[in-house]
Amino acid sequence: MAGRMEGKVVFVTGAARGMGRSHAVRLAQEGADIIGMDICGPIPGGQAPVATADDLAETVAAVEALDRRMVTFTGSTTDEDALTAGLADGVAQLGRLDCAIANAGIGGVPNQVADMPAQDWRDVIETNLTGVFLTAKAAVPHIRAHGEGGSILLVSSALGLRGMQNVSAYAAAKHGVVGLMRSLAIELAPDRIRVNSIHPTNVATPLVLNENTFRLFRPDLEAPEEDDVREAFTGLNLLEVPWIEPIDISEAVLYLAADSGRYVTGSLHKVDAGWITK
Amino acid sequence: MGKLEGKVAFITGAARGQGRSHAVRLAQEGADIIALDLCSQLETVAYPMATPEDLAETARQVEALDRRIVTSQADVRDASAMQAALDAGVAELGRVDIVLANAGIAQQGGPEPDTYKTWDEVIGVNLTGVYNTVHVAAPRMIEQGDGGAIVLTSSTQGLTGRGGDGSGATSGYAAAKHGVVGLMRSFAHWLAPHNIRVNSVHPTGVSTPMVLNEVIGKWIGANPDAAAMLANLMPVEIIEAVDISNAIAFLVSDEGRYVTGVTLPVDAGFTVK
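In order, the protein sequences belong to chains E and Z.
Residues 1 to 278, numbered by my numbering, are exactly what the first sequence covers, in order.
Residues 1001 to 1273, numbered by my numbering, are exactly what the second sequence covers, in order.
Pulled out of the complex, with its shape left as it was, chain E reads as follows (with noise of 0.2 angstroms):
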């Protein structure tokens, strides 16, 4: 049977590792070949574990084993210069562009308000809106070039749809990318090019399941560990799970990037185990 994405290349920023590589490598079981992009180093005001050149060599390997294409390039989301020159390599490589993720994103230094330095806040609005941004921006041309539409996914957050103490960097990046999903599908829906948000509940990657980010639920414990924040994380949701796994997004990425979302545009696609409902 073909796969659901047979032909199509799609292009993922932040692919080293995470969601990124999960969303690569599910789409390449249903056939589509990957342009990948990452970083592979350090990025200001990032508090995540530095993602490197082996975890993109690992997603590489990944997708290979699939019998996919992949191909990749480094540099940053908020370079766009690196970004428009290493994806028209990757399409001129791969041939063409169906389905842009822009999924790179950090965490950012966690402060209230009040005692946030600015660069704090400019840093994460840089990678976290403006990046989603670039990513957009670059891939509309080579998915206008075939004129048989595509899919734009935008990554979000729960909290794109909610506030949170300390993370209001975070949230207002996660926001503003709500607004740019609904622009853009509308500027893009002429030509059948779809654009919707993801907005994910915790997921077990390494920006959420690291010492900086349990040390934000359990600020009473000096080096807290998976099993400290369990419940707190848990106390979120809905559904009782603490957080969920890189697929279950990927699930909502395919169904999104595949025919079966070929009229969904403009929709906020909560995969979030019920956090916003309750």
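Take the hints with a grain of salt, since some may be wrong.
[What the hints assert, rightly or not] A partial selection of chain Z residues facing chain E, derived with a Cβ cut-off under 10 angstroms: (1) P1193; (2) R1197; (3) E1240; (4) N1246; (5) A1247; (6) A1249.
[As the list claims (entries may be wrong)] Only some residues are given here: those of chain E computed to face chain Z with a beta carbon under 10 angstroms: (7) A57; (8) W121; (9) R182; (10) A185; (11) R230; (12) E245; (13) I247; (14) E251; (15) A252; (16) Y263; (17) S267; (18) L268; (19) K270; (20) V271; (21) T277.
[Claimed, not checked] Label pairs and their in silico Cβ distance ranges: (22) Z:L1230 / E:G179: 18 to 28 angstroms; (23) E:G235 / Z:P1139: 46 to 56 angstroms; (24) E:G235 / Z:G1145: 22 to 32 angstroms; (25) E:Q93 / Z:G1147: 52 to 62 angstroms; (26) Z:M1229 / E:E58: 44 to 54 angstroms; (27) E:G7 / Z:G1182: 38 to 48 angstroms; (28) Z:G1145 / E:P141: 50 to 60 angstroms; (29) Z:T1115 / E:E6: 46 to 56 angstroms; (30) Z:D1254 / E:E6: 17 to 27 angstroms; (31) E:A114 / Z:K1003: 26 to 36 angstroms.
If you're looking for bench data, these hints aren't it; they were derived computationally from the structure.
Owing to the predicted nature of the structure, the values given are computational and were not obtained by experimental measurement.
No residue lacks a Cβ here, since even glycine has one placed at the ideal position from N, Cα and C.
Guided by the hints, dock chain Z onto chain E, whose structure is given.
Frame of chain E; chain Z shown alone:
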């Protein structure tokens, strides 16, 4: 192997249109079906409603996929008739894992000699009927202890009142479909501890007998302003029932195992316009 192997789905309004499409799509994934439809005419509805022959055709298509189906004729406003239908299905198929509250009417464009009667009937079918559908099945799902998934069919009219003209038909339809969102959110809380997820889908105009009929056609033709207002953002006039079925297949399978409390539009951009 299908992604719904071993599951049983209870579907209302299953004789034709979206309900039939859902039954067939879920059966393709391995589910057995408990199908319910009124199969007769309501007084305030001007277009021809489904018939027993339509319901038999759904059964034929499901059985052609080598899946089992139990059919019943009942009014979704009649909770005890609904309970009997569900119980009969469970007696034969053993369980219920999925509920699709799909049955609905659209009286827009029809004669409205008594606006209050029109209002009552659409609220009865499109809102109270949804409440009844979930209530007859949920206790059984809770008792099974295996979780489950419920999808309530709302509409773009559950998210916007665009096109409203004060008639019992348009106001009642929008009110009922907005009400479904409230039910969905409330049910999501009620059932989350049992790992039963509840979501709503919000289609734009779908190519089914409820939409593609003489009454609605005349109404659109006579109201070009309303027609323009009801146009989609994407260059597509009408979408297919399978597009809603694909959304539902995502929501009710393991692919959506952490999706609950969601209003999922399948609307060609209608609500973002």
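Checked hints:
no. : hint                                 : result
1   : P1193                                : 7 angstroms, holds
2   : R1197                                : 7 angstroms, holds
3   : E1240                                : 8 angstroms, holds
4   : N1246                                : 4 angstroms, holds
5   : A1247                                : 7 angstroms, holds
6   : A1249                                : 8 angstroms, holds
7   : A57                                  : 28 angstroms, violated
8   : W121                                 : 28 angstroms, violated
9   : R182                                 : 5 angstroms, holds
10  : A185                                 : 5 angstroms, holds
11  : R230                                 : 16 angstroms, violated
12  : E245                                 : 9 angstroms, holds
13  : I247                                 : 9 angstroms, holds
14  : E251                                 : 4 angstroms, holds
15  : A252                                 : 7 angstroms, holds
16  : Y263                                 : 4 angstroms, holds
17  : S267                                 : 5 angstroms, holds
18  : L268                                 : 9 angstroms, holds
19  : K270                                 : 5 angstroms, holds
20  : V271                                 : 5 angstroms, holds
21  : T277                                 : 3 angstroms, holds
22  : Z:L1230 / E:G179: 18 to 28 angstroms : 25 angstroms, holds
23  : E:G235 / Z:P1139: 46 to 56 angstroms : 27 angstroms, violated
24  : E:G235 / Z:G1145: 22 to 32 angstroms : 23 angstroms, holds
25  : E:Q93 / Z:G1147: 52 to 62 angstroms  : 44 angstroms, violated
26  : Z:M1229 / E:E58: 44 to 54 angstroms  : 51 angstroms, holds
27  : E:G7 / Z:G1182: 38 to 48 angstroms   : 43 angstroms, holds
28  : Z:G1145 / E:P141: 50 to 60 angstroms : 53 angstroms, holds
29  : Z:T1115 / E:E6: 46 to 56 angstroms   : 52 angstroms, holds
30  : Z:D1254 / E:E6: 17 to 27 angstroms   : 23 angstroms, holds
31  : E:A114 / Z:K1003: 26 to 36 angstroms : 49 angstroms, violated
Violated hints, in rising order: 7, 8, 11, 23, 25, 31; the structure is consistent with all others.
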